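Undergrad: Given next are the chains, with one letter for each unit.
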Amino acid sequence: MTIIDPTDAVPAPRPGDAEKTGPLLEVRDLHVEFKTREGVVRAVNGVNYSVNSGETLAVLGESGSGKSVTAQAIMGILDMPPASIPKGEIRFYGQDMLKMSAEERRKLRGARIAMIFQDALSSLNPVLSVGFQLGEMFRVHQGLSRKEAKAKAIELMDRVKIPAAAARVNDYPHQFSGGMRQRIMIAMALALEPDLIIADEPTTALDVTVQAQVMDLLAELQREYRMGLILITHDLGVVADVADKIAVMYAGRIVETAPVHELYKRPAHPYTRGLLDSIPRLDQKGRELYAIKGLPPNLLKVPSGCAFNPRCEKAQDICRTERPLLVPVTERDGTELPGRASACHFWKETIHG
Amino acid sequence: MAELTKADEPTDATPNVSEVDVADVHSEEEAVAALDAHVDRGEPILQVRNLVKHFPLTQGIVIKRQIGAVKAVDGISFDLYQGETLGIVGESGCGKSTVAKLLMNLEQATAGEIFYKGQDITKLSGKALKAVRRNIQMIFQDPYTSLNPRMTVGDIIGEPFDIHPEVAPKGDRRRKVQELLDVVGLNPEYINRYPHQFSGGQRQRIGIARGLALNPEVIICDEPVSALDVSVQAQVINLMEGLQDEFNLSYIFIAHDLSIVRHISDRVGVMYLGKMAEIGTDEQIYDHPTHPYTQALLSAVPVPDPDARDHRERIILTGDVPSPANPPSGCRFRTRCWKAQDKCAQEVPLLAVPERFKSSDSPAAHESACHFAEEKDVVHAG
Ligand SMILES: Nc1ncnc2c1ncn2[C@@H]1O[C@H](COP(=O)(O)OP(=O)(O)OP(=O)(O)O)[C@@H](O)[C@H]1O
Ligand SMILES: Nc1ncnc2c1ncn2[C@@H]1O[C@H](COP(=O)(O)OP(=O)(O)O)[C@@H](O)[C@H]1O
Ligand code: SF4
Ligand code: SF4
Ligand SMILES: [Mg+2]
Ligand SMILES: [Mg+2]
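Going line by line, the protein sequences match chains A and B.
Heads up: the first sequence is residues 1 to 353, going by this note's numbering.
Heads up: the second sequence is residues 1001 to 1382, going by this note's numbering.
Hints in this document: simulated from the structure, not taken from any laboratory.
Being a predicted model, the structure only gives us computed values, none of them experimental.
Think of the CB as a built atom: it goes at the ideal place given N, C-alpha and C, for glycine as much as any other residue.
One or more hints might be untrue.
Said to hold, decoys possible - Here are the simulated distance ranges between beta carbons: (1) A:R28 to B:T1145: 37 to 43 Å; (2) B:N1105 to A:A164: 40 to 46 Å; (3) A:S177 to B:K1123: 36 to 42 Å; (4) A:K35 to B:M1151: 56 to 62 Å; (5) B:S1323 to A:A102: 43 to 49 Å; (6) A:Y172 to B:N1105: 56 to 62 Å; (7) B:S1360 to A:K314: 49 to 55 Å; (8) B:S1359 to A:H352: 51 to 57 Å.
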């Protein structure tokens, strides 16, 4: 098992990046809405998170919580309209990408920021060979010849441990298994050695034994290339295995951030606590599982105040009227807890009991 | 042992399951009566013996030639006891859903028997088959596609009464459906709503209500919570456990989430490529697995506790699951097994309590289909 050690995560200096400091990527107060016939879907309502080089940020949330929409906004691949970004910043090495020209953003995509999608089969072109699609990255971005690009493609396939890469470079996507296709997606994302990879549920469609292979590979390559990684998932287990820090999303907002060990030990938000409590545990066998009551909210009418209030056991009057901000979480005596924040009026009671 | 070719693999891969007490019936009336018989808690209610399902692989459009077969289920035997939950786990394509469909009589078995209360249901027809169908019900994985979007919830839940009017006479149906809605925790006033007006978790409750309509004794659940959000899964699991106690149900619970399976199951069977690799109590399988595949599967599951990950040994398997149309000779797991030897390519390992553990009362003494079954310490989820 590859373990990512945050202590050796110093960003490797890249040519031309010397003057840039601070986090690799920082999302600030991002809002995304969709105009639909039923009304305005507020999919992202003020997301804040950041990731450094060599670091893995896991974004955890149930379906519909806005994880993918946030990722698409970062990649600049939202269809606008129906989507619009009324507010927010997405800073890459300090520069707000939302203020860049379409051309500038296109240059970043693939070369500096790459994305891996859940469903590899539908993101690969079925009528082009895998080698051609991998090579295309080099032909388009680096102007390599067909022959050179093919050699690079084979090298990459080797890198992601596809057996007999040279023999399979001309095969088509459907000729590979699900696990191998996901490796090819990883190879494609890695091709130009980007600074940041966003992986949206990269293993959700795979079997557990293959999922373990793929996550292992991703972690190994990330460490080797010292990339920043945003790993989007709904699986608490996957998060615990590979992430350095976690951002928990609910109804389009980050409700808690924390280093991975601390989140599991001492959650500071009732929603996080509820999720952790509803994992079946050995000592609970034969007993009722803890279950968060109610349902995730309808984004056409997000509850006022704290979006979690109709389902929260700790909710008070203030929760129905005042929206809790994401604030730093501290020890009882006020000592700072680095990287920790919670958007709950009663975070003190939640973390300190 | 003589060299075995794939053609003369023993189909009887499970020699030591208990004898089936075959019901002695001569007429249809006797058969129906036998199917209504009471089974004591802990006695076998369903007994599966050497069950096989091969799907023909054909070539050609006008004149179809069979060029092979997908061996989706290839010789499986197990018992389901009254009142218990038997979990079945395994990776995609290993044959779990096919087993479920065979038990439901939705697919015709290629070979083998399924005894329900001592009668082979693969050979029943007419009234007796209808009686079996009433007693064995199914809950499906996908709450989005398994409900007809044009039918009201009342019609969906009441539909089984059309085929089995004896359970609820016409005038009584509405009340019966409302009762069922109440049982699964939905508002009885929702009876005239349509499926799209409900969330995933609520739709799964509708599916469960429908499964309960005919007062079945056995419910086969194929991935009943996999499509649901984490926070809603626990609600549905709790509901299913409550209903089991209330109505004295026996469950076969198919899922890929190993910690949920452990939570709900009394016994667990692990499938690989159409065969049962290992079966035992939840403790035997999770804490004392002896089959290398089970060990790898358990160790591959991400542990939702970051402290545990630093202390565990993980087995990362290489390669993919082979095609069920062309499974490896001998042990099907041998192409990915780190312990494989020559014997594994030649002899099919039978599902049995390994010889070396036979006289011991250790939890390792349970059925495992491996020539070299032994315990291995792996930290794992659940
Ligand atoms: N009608 C069919 N015709 C041909 N092959 C089939 C058919 N139904 C299933 N199979 C094949 O049989 C094998 C077992 O399928 P099955 O659906 O039972 O798997 P499963 O264990 O339920 O998988 P999953 O976890 O993905 O649901 C697979 O290889 C599948 O492709
Ligand atoms: N093109 C679109 N038009 C309208 N609504 C959308 C669109 N894309 C996403 N949404 C909505 O935005 C919300 C967040 O979606 P998403 O980010 O995909 O969630 P997840 O956290 O599961 O990745 C959902 O309610 C979804 O239905
Ligand atoms: S703000 Fe109130 S409703 Fe929201 S999570 Fe905290 S206690 Fe619960
Ligand atoms: S029989 Fe051989 S190949 Fe099969 S699981 Fe056992 S050791 Fe591995
Ligand atoms: Mg998504
Ligand atoms: Mg299935």
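Undergrad: If a hint holds in the structure, say so; if it does not, say that too.
TA: Here is what the structure says about each hint:
One distance hint, 37 to 43 Å for the beta-carbon pair A:R28 and B:T1145, holds here, with the actual separation near 40 Å. Remark: the range hint 40 to 46 Å for B:N1105 to A:A164 is upheld by a beta-carbon distance near 44 Å. Against the hinted window of 36 to 42 Å, the Cβ-Cβ separation of A:S177 and B:K1123 comes to about 38 Å, which satisfies the hint. At about 32 Å, the beta-carbon gap between A:K35 and B:M1151 misses the expected band of 56 to 62 Å.
Checked against the given bound of 43 to 49 Å, the beta carbons of B:S1323 and A:A102, roughly 46 Å apart, stay inside it. In this structure the hint that A:Y172 and B:N1105 lie 56 to 62 Å apart at CB is violated, the actual value being about 39 Å. Hint check: B:S1360 to A:K314, Cβ distance near 51 Å, so the stated range 49 to 55 Å holds. Between B:S1359 and A:H352 the beta carbons are some 55 Å apart, a value that agrees with the proposed interval 51 to 57 Å.
In the structure shown, a violation is registered for the earlier hints numbered 4 and 6, in ascending order.
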